[in-house]
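Chains as they are written, first to last, in numbering that gives the first Met the number 0: chain A, 0 to 462; chain B, 0 to 684.
Careful, some of the hints might be misleading.
What the hints assert, rightly or not - Reference listing, derived: stretches of chain B covered by chain A, where coverage requires no fewer than 3 residues with Cβ under 8 Å from a Cβ of chain A:
(1) 51-61
(2) 266-275
(3) 508-518
Simulated from the structure, these hints should not be mistaken for laboratory data. Here the structure is a predicted model, which is why all the values come from computation and not from measurement. Where a beta carbon is used, it is the ideal one built from N, C-alpha and C, also for glycine.
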Amino acid sequence: MSLKKSIKYTAFLFTLMISIIYLGSCRNGSLTGWIIMTQVPASVPDPDYTLGYPWRYSPGSRLVAVKPGMSLNERLVLTEGFFSACSPSLSYDGSFLLFTGKKDKSDPWQVWIMDLNDMSIRQVTREEVNCLDPVYLPSGRIVFSRSASRNKPPPTFLLYSCNTDGSEMKQISFHPHRDMASNIMLDGRLLTVSRQLSPRVGEQIYLALRPDGTKAELFYKPVPGGNLWGKGIETRDNEIVFIESSTQDPMKGDLLAVDQNRPLNSRKNLATAVPGSFHSASEMPAGNFLVSYRDNPAETYALYEFDPQTGKLGELIVQRPDFHVFDPVMVAEYNRPRKLPSAVNESNPTGLLLCQDIHLSQIVDAIDNNSNLVQVWGREGLMGEIQAEEDGSFYLKIAADTPVQIRTVDLDGNTIRGPSAWIWLRPNERRGCVGCHADPELVPENRVPMAVNKPPVEIPANP
Amino acid sequence: MSKYKTIIIISGLLLALILLMIPARKMSIEHVNWVTATDDHPLNCFSCHLYTQKDGLAARLINADYLSPLNLSISRDGSRLYVIAQEGNAMLVVDAEKDLVLEKIQVGNRPHSLVLDGSEERAFVSSQWTDQVFVIDLASNRITDTLATGGGPAGLAISPDDSYLYVVNSYSNNISIFDLETNKEKKRLRAGNNPVSAAFSPDGESVYVTSRRSLRTTYRTPPRTEMTVADTRTQRIRERMIFENAYIMENVAFTPGGDLSLTTLIRPKNLLPSIQVERGWMMTHGIGVIEQKENGRMVQLLLDEPNAYYSDPFDIVISPDGKRAYVSHSGVDRISVIDLDEVRTLLAEADPEELITYSNHLGISDRYVTERIPTGANPKGMVLSPDGKYLYVAERLEDRIAVINTEKLETERYIDLGGPRRLTVARQGRQLFNNAGHTFQNQYSCYTCHPDAHEDGLVYNMAASGMGRNLANVQTLRDIGEIPPYKWNGKNQTIYKQDGMRFSMVLTRTEAFSYKELDALVAYIVTGITNPPNLYNPDGELTEAQQRGKDIFYRTQSNDGMLIPEGNRCYTCHPPPYFTNMQMADVGTLSETDDPMRLDVPQLNNVYESAPFLHDGRAATLEELWTRYNNEDKHGVGNDMRKDQLNDLVEYLKSLRDAKYYKDDPHVYRASISGYKKTSNEGTH
Numbered sequence: 000m001s002l003k004k005s006i007k008y009t010a011f012l013f014t015l016m017i018s019i020i021y022l023g024s025c026r027n028g029s030l031t032g033w034i035i036m037t038q039v040p041a042s043v044p045d046p047d048y049t050l051g052y053p054w055r056y057s058p059g060s061r062l063v064a065v066k067p068g069m070s071l072n073e074r075l076v077l078t079e080g081f082f083s084a085c086s087p088s089l090s091y092d093g094s095f096l097l098f099t100g101k102k103d104k105s106d107p108w109q110v111w112i113m114d115l116n117d118m119s120i121r122q123v124t125r126e127e128v129n130c131l132d133p134v135y136l137p138s139g140r141i142v143f144s145r146s147a148s149r150n151k152p153p154p155t156f157l158l159y160s161c162n163t164d165g166s167e168m169k170q171i172s173f174h175p176h177r178d179m180a181s182n183i184m185l186d187g188r189l190l191t192v193s194r195q196l197s198p199r200v201g202e203q204i205y206l207a208l209r210p211d212g213t214k215a216e217l218f219y220k221p222v223p224g225g226n227l228w229g230k231g232i233e234t235r236d237n238e239i240v241f242i243e244s245s246t247q248d249p250m251k252g253d254l255l256a257v258d259q260n261r262p263l264n265s266r267k268n269l270a271t272a273v274p275g276s277f278h279s280a281s282e283m284p285a286g287n288f289l290v291s292y293r294d295n296p297a298e299t300y301a302l303y304e305f306d307p308q309t310g311k312l313g314e315l316i317v318q319r320p321d322f323h324v325f326d327p328v329m330v331a332e333y334n335r336p337r338k339l340p341s342a343v344n345e346s347n348p349t350g351l352l353l354c355q356d357i358h359l360s361q362i363v364d365a366i367d368n369n370s371n372l373v374q375v376w377g378r379e380g381l382m383g384e385i386q387a388e389e390d391g392s393f394y395l396k397i398a399a400d401t402p403v404q405i406r407t408v409d410l411d412g413n414t415i416r417g418p419s420a421w422i423w424l425r426p427n428e429r430r431g432c433v434g435c436h437a438d439p440e441l442v443p444e445n446r447v448p449m450a451v452n453k454p455p456v457e458i459p460a461n462p
Numbered sequence: 000m001s002k003y004k005t006i007i008i009i010s011g012l013l014l015a016l017i018l019l020m021i022p023a024r025k026m027s028i029e030h031v032n033w034v035t036a037t038d039d040h041p042l043n044c045f046s047c048h049l050y051t052q053k054d055g056l057a058a059r060l061i062n063a064d065y066l067s068p069l070n071l072s073i074s075r076d077g078s079r080l081y082v083i084a085q086e087g088n089a090m091l092v093v094d095a096e097k098d099l100v101l102e103k104i105q106v107g108n109r110p111h112s113l114v115l116d117g118s119e120e121r122a123f124v125s126s127q128w129t130d131q132v133f134v135i136d137l138a139s140n141r142i143t144d145t146l147a148t149g150g151g152p153a154g155l156a157i158s159p160d161d162s163y164l165y166v167v168n169s170y171s172n173n174i175s176i177f178d179l180e181t182n183k184e185k186k187r188l189r190a191g192n193n194p195v196s197a198a199f200s201p202d203g204e205s206v207y208v209t210s211r212r213s214l215r216t217t218y219r220t221p222p223r224t225e226m227t228v229a230d231t232r233t234q235r236i237r238e239r240m241i242f243e244n245a246y247i248m249e250n251v252a253f254t255p256g257g258d259l260s261l262t263t264l265i266r267p268k269n270l271l272p273s274i275q276v277e278r279g280w281m282m283t284h285g286i287g288v289i290e291q292k293e294n295g296r297m298v299q300l301l302l303d304e305p306n307a308y309y310s311d312p313f314d315i316v317i318s319p320d321g322k323r324a325y326v327s328h329s330g331v332d333r334i335s336v337i338d339l340d341e342v343r344t345l346l347a348e349a350d351p352e353e354l355i356t357y358s359n360h361l362g363i364s365d366r367y368v369t370e371r372i373p374t375g376a377n378p379k380g381m382v383l384s385p386d387g388k389y390l391y392v393a394e395r396l397e398d399r400i401a402v403i404n405t406e407k408l409e410t411e412r413y414i415d416l417g418g419p420r421r422l423t424v425a426r427q428g429r430q431l432f433n434n435a436g437h438t439f440q441n442q443y444s445c446y447t448c449h450p451d452a453h454e455d456g457l458v459y460n461m462a463a464s465g466m467g468r469n470l471a472n473v474q475t476l477r478d479i480g481e482i483p484p485y486k487w488n489g490k491n492q493t494i495y496k497q498d499g500m501r502f503s504m505v506l507t508r509t510e511a512f513s514y515k516e517l518d519a520l521v522a523y524i525v526t527g528i529t530n531p532p533n534l535y536n537p538d539g540e541l542t543e544a545q546q547r548g549k550d551i552f553y554r555t556q557s558n559d560g561m562l563i564p565e566g567n568r569c570y571t572c573h574p575p576p577y578f579t580n581m582q583m584a585d586v587g588t589l590s591e592t593d594d595p596m597r598l599d600v601p602q603l604n605n606v607y608e609s610a611p612f613l614h615d616g617r618a619a620t621l622e623e624l625w626t627r628y629n630n631e632d633k634h635g636v637g638n639d640m641r642k643d644q645l646n647d648l649v650e651y652l653k654s655l656r657d658a659k660y661y662k663d664d665p666h667v668y669r670a671s672i673s674g675y676k677k678t679s680n681e682g683t684h
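This is chain A alone, in the form it adopts within the complex (with noise of 0.2 Å):
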């Protein structure tokens, strides 16, 4: 081979390398600024929000994908011989893509996910029961809402993580809730809408909780009689953004905001000049919005930008007489949120609970409450009964994964406050409450609660 040929050769394996480096690193080359969103057909009929149901678990949706600017026709459709798809979950390189499938009318909703540079679809969840609302952890583990079981409505759903090959499969919520259409906050806990279905159907709350399941507690609670139509997108600004049925009309959605540092006292709409109805919103990497929306109930939810600054819709980017459009969200790099360390230890089956006092209340008493009685209720009934320090402390060891109520009681047995929400504890997890039904933004006083100077009390107690 002569010189010349050599060089040639050389130079022409030297530029098909780097070419092929080049290209295997462009992880999130192929799909970067277009918008992925749920089209769902436009004959499925509205759902009851008041009953909690989502939209978008609707036969026939699919993933669809467009471009900014090119014309409709330019669109992908990523799930292409799913019965049904929904839920779009980025993850924060923007290389890949949750979502909620099912391939057959029979089959229950999977968790998929999507390589977003070779558009490869694999199954991650392999369940009998449903699993919905998959999305990515800052560890690289997902979380999704499982069901309890696969037809018995309203069903219980639940969260759980596995890694993205589904293994290692792990709950994290244990109450009788409905958990559904979780995100993760910047500070690393996942915020879910929850609603108690037992002993009786309660109101929707954002929850948060650390991804690990420690530490749930209250993030905001919609006005009386509001709903929650999806998960919260917590934005730039630092604030919690999400839709929440009217208070004139239950089945129009609000765009609404409210601060992360102060969620139970910053409720604002951020679209008070636009009259039609919002169903879901996302923020794009420049700053405003990406949202679903529709002037009235004639016509199909499209997808428009928003600016936040001055709450006004902007250009329409996508609208079908044939399908609504949910769920968007632009393919981008985002920044990931804080990866919380675990406080759960498998080997110890317990969690240690202490309340400062429950005197300390929001509630104002009705009945007399020098007793200082309280009892631990379980699903099947009454767990233990103990008696509160005279500075209104407890401490309680509790079995772990179980969930509890917790409520006062006077002597004859008559709840003073109570039932408490529910609360369980992971292994080893170590929990503190201020009081009970405590102004949720009161912080402890700094004294030794009388409790912590003797073993905790074990509930259930041993035998």
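Assemble the complex: chain A is given as a structure, and chain B must be docked to it using the hints.
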């Protein structure tokens, strides 16, 4: 020798080298894994063997001498800023219009504060580590006099008629009053514990002096920190006002109308088990307000929010119209802007019970905090321009002054003070140490419990094995690089482990430091924290009592002539230079709330600064170590001592200075990090 032979020899040598590198690499990995208590730390020798160098050429090359602006003042016409460069050991004269440093005047070691006299002819600068106030003639920028003060002069206040200078002695816990006609100290008044700053009331009748540490309290009761009020006419203490359940009151200011005084403070939750960060379970931060009227109330208001904390409030300044206060939060790089009229309204409307609730309410700040202005790293002292239009902020770990437009509430520009441009690894570590961003919701930084890298004098319940158990007295971080293990139970063999993954699980409860950050943090802790001069032994000359105490410390026989077993002599476990043998011991000091364990023998350099004592802080004083907690002579033979002997021993202990003074002591204990041996009782990661 043939060419082939050479090739064979070289190949053989290379092969041998490669074969040697395999076990060497394995050993290095094992070593790094042990030091870091991880199994995936990059094999980077620089982390420990370069960045943690304290002396020598390498240390000089990798480190830099920063200025670290701490406090500042401004001329009445707003044209000159006077800036204390704490680590540059200088006062800088800055042209505030041209943003130029005009003069750098060296003012001893670790200057702290400055004050200008009314005529602006003189500046007074306190030098905390040289126990002096420098008097500077501002026309010539020359030092004209030095005033000898008490220990650790910090805050300064000058009377409106320029006749008296009040100097807050932060280490000796008193206030020196200087007559400025004679420049002589006229009086010394007792202050609170670790007093730091002072301010005159607008009527000139009072001087308020803040303190950082709590007064001595009953064991396991809340901190109580003193605001000392001096009467300027009588030059006596008029009142000792106690802020309950608060500490670290860094600075104080009065409204121009004189209706309120405001101080920064922290409300710790050290008496609660440290089981969560959520809902303010560890630390809260705010201001203390004192109404300046008959029966005026003392009120504490938080500056935090339910999911966001504003840690380590440092300075507070008030606008000329008395309507706004600005608070620098050195832990979160923010300035809080407070609407004082809202505060006045809130105080007027609230009953006593509501005021107690407000002191623990995270939502109440929404009423009076109107803005949070971002700053550079570690904002400390502030000063307003005379017209109130500009707020100058000393960004200590940026070596610059931020100029904030108070109408727009935005930083308009920066004044570069001329410090080193490069950010050294240790300086990065210091930024991390001082920043609460690595704690869940920014609730506290390393600095919060370790102010000035020392300790805060509180006892915490980390509740590792159950709530209410194993209480831990916060330990100093000064000069700890060479005295492993760490934690009272000695479970951490290195600082790497101490601040690594488990640290994030039990303390910061958010994402752990990256290895790069951990390298930087360790570099700072090992190289950047030194002991201040010893208050009781500034020059190494022991007093007679200290010398007698030294004899007791090194004695081998008890008063009755009996030989004291070697293991029961003071110096056996507490040998110089650090006065610790770095071993684990049980000296009979465990209490009912402790699990069975042995304890790491603590170092004793500058031990007088670390009350309370023992691992759980039960001993309020050094004396109590023997009078209350050594009944069986397990903590050294001591029950034979007479009272005068105990007094002498305590005097000697208080005289123990920085370890560098004892390196050549005949009793020195030779040990180092590499010499520290893992013992069977040592925990694993």
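Problem set entry | Numbers of unmet hints, in rising order | 1
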